[in-house]
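S.K.: First residue of the sequence shown: 229, per the numbering used here; consecutive thereafter.
Calculated directly from the structure, the hints in this document are not laboratory data. Any given hint could turn out to be false.
Derived EDC-like pairs: lysine to aspartate or glutamate, alpha-carbon spacing no greater than 16 angstroms straight-line [what the hints assert, rightly or not]:
| no. | residue 1 | residue 2 |
| --- | --- | --- |
| 1 | K429 | D236 |
| 2 | K374 | E427 |
| 3 | K402 | D357 |
| 4 | K374 | D348 |
| 5 | K296 | E336 |
| 6 | K402 | E427 |
| 7 | K374 | D264 |
| 8 | K374 | D425 |
| 9 | K296 | D236 |
| 10 | K296 | D269 |
| 11 | K374 | E318 |
| 12 | K296 | E318 |
All figures in this text were calculated on a predicted structure; none of them were measured in a lab.
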Amino acid sequence: MPPSPGPDTCFCYLLRHGATDNNLANPPLLQGNSVDGPLSDEGVVQARAASAELSEQLLDAIYCSPLKRARETAEIVAAPHELSPQVVSEISEVDVGSWEGRTWVEIEQSEPEHYRRFMDDPALFGYRDGESLTDVHGRVVPAIHKILSDHVGQRIAVVAHNVVNRVLLAEALKMPLAQARSLSQDNCGINVLRYRDGELKLVSMNSILHHW
Numbered sequence: 229m230p231p232s233p234g235p236d237t238c239f240c241y242l243l244r245h246g247a248t249d250n251n252l253a254n255p256p257l258l259q260g261n262s263v264d265g266p267l268s269d270e271g272v273v274q275a276r277a278a279s280a281e282l283s284e285q286l287l288d289a290i291y292c293s294p295l296k297r298a299r300e301t302a303e304i305v306a307a308p309h310e311l312s313p314q315v316v317s318e319i320s321e322v323d324v325g326s327w328e329g330r331t332w333v334e335i336e337q338s339e340p341e342h343y344r345r346f347m348d349d350p351a352l353f354g355y356r357d358g359e360s361l362t363d364v365h366g367r368v369v370p371a372i373h374k375i376l377s378d379h380v381g382q383r384i385a386v387v388a389h390n391v392v393n394r395v396l397l398a399e400a401l402k403m404p405l406a407q408a409r410s411l412s413q414d415n416c417g418i419n420v421l422r423y424r425d426g427e428l429k430l431v432s433m434n435s436i437l438h439h440w
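Could you build the full structure based on these sequences and the hints that come with them?
M.R.: Structure follows, in structure tokens:
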């Protein structure tokens with residue numbers, strides 16, 4: 229974990245929410261911003277493990293997506309710090325449109341052309357009837373920069389989602405958005421970001437040792 233931030237720096241622990249039943253399905257079901265189910269029992273265990281991992285860090289604030297799976301995770305992480313999670317609508321999960329609740333195998337078989345275009349460049353060709361990664365970037369990155377700039381000299385946590393986190397990590401790595409889907413984000417994996425002088429830097433990515 230990083231040292232105490234200087235007066236010009238914010239350290240951000242960026243988490244993906246704990247697992248839901250859709251995440252644990254075999255194969256998993258796509259879960260965007262219109263499915264709003266709770267954490268599964270396994271997801272609660274993951275969130276508690278992440279909470280224990282961060283319990284000795286002096287968190288000054290915690291933010292989360294408005295979706296139930298993120299809010300429940302954030303509440304568990306926030307408890308040792310006696311914080312109330314602050315909801316930020318801009319970091320809700322991507323709108324996956326008409327692919328909500330479906331599997332990638334089914335989508336590839338039923339809509340091969342749209343599937344291929346999405347896989348080739350999700351920054352340009354979005355989820356069918358939903359958002360592209362460029363759309364997600366346009367709402368998420370300014371919101372996160374605003375949060376981090378409000379907390380220089382502090383440590384905070386942000387609980388968001390698979391696609392949201394990938395877009396943020398691509399921004400920190402200066403990676404093309406078209407390649408963001410290559411970045412792994414496990415349920416309750418912890419990323420550490422450093423914010424200084426308006427710039428994001430990735431310190432560590434997708435640590436899951438706390439719930440192996």
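S.K.: Does each hint fit the structure? Answer for all of them.
M.R.: Now for the hints, and whether the structure bears them out:
1. At roughly 14 angstroms between alpha-carbon atoms, K429 and D236 fall within 16 angstroms of each other, so this suggested pair holds.
2. Between K374 and E427, the direct Cα distance comes to roughly 12 angstroms. Compliance with the 16 angstroms bound is thereby established for this hinted pair.
3. Simply put, K402 and D357 have alpha-carbon atoms about 28 angstroms apart, too far for the 16 angstroms limit, and the pair is violated.
4. The straight-line distance between the Cα atoms of K374 and D348 is roughly 31 angstroms, outside the 16 angstroms bound, and the hint therefore fails.
5. Of the pairs offered as hints, the one joining K296 and E336 is violated, with about 29 angstroms between alpha carbons and a cut-off of 16 angstroms exceeded.
6. Taken as a hint, the K402 and E427 pair is honoured in the structure, with Cα atoms around 11 angstroms apart against an allowance of 16 angstroms.
7. Note on K374 and D264: the hinted pairing is violated, with a Cα-Cα distance of about 26 angstroms set against a maximum of 16 angstroms.
8. Restraint check for K374 and D425: the C-alpha separation of about 12 angstroms stays at or below 16 angstroms, so the hint holds.
9. Proposed proximity of K296 and D236 is contradicted: the alpha carbons are some 33 angstroms apart, above 16 angstroms.
10. Taking the CA atoms of K296 and D269, the gap is about 14 angstroms. The hint holds against a cut of 16 angstroms.
11. A hinted pair counts as satisfied when its Cα atoms are at most 16 angstroms apart, and K374 with E318 qualifies at roughly 11 angstroms.
12. The straight-line distance between the Cα atoms of K296 and E318 is roughly 15 angstroms, inside the 16 angstroms bound, and the hint therefore holds.
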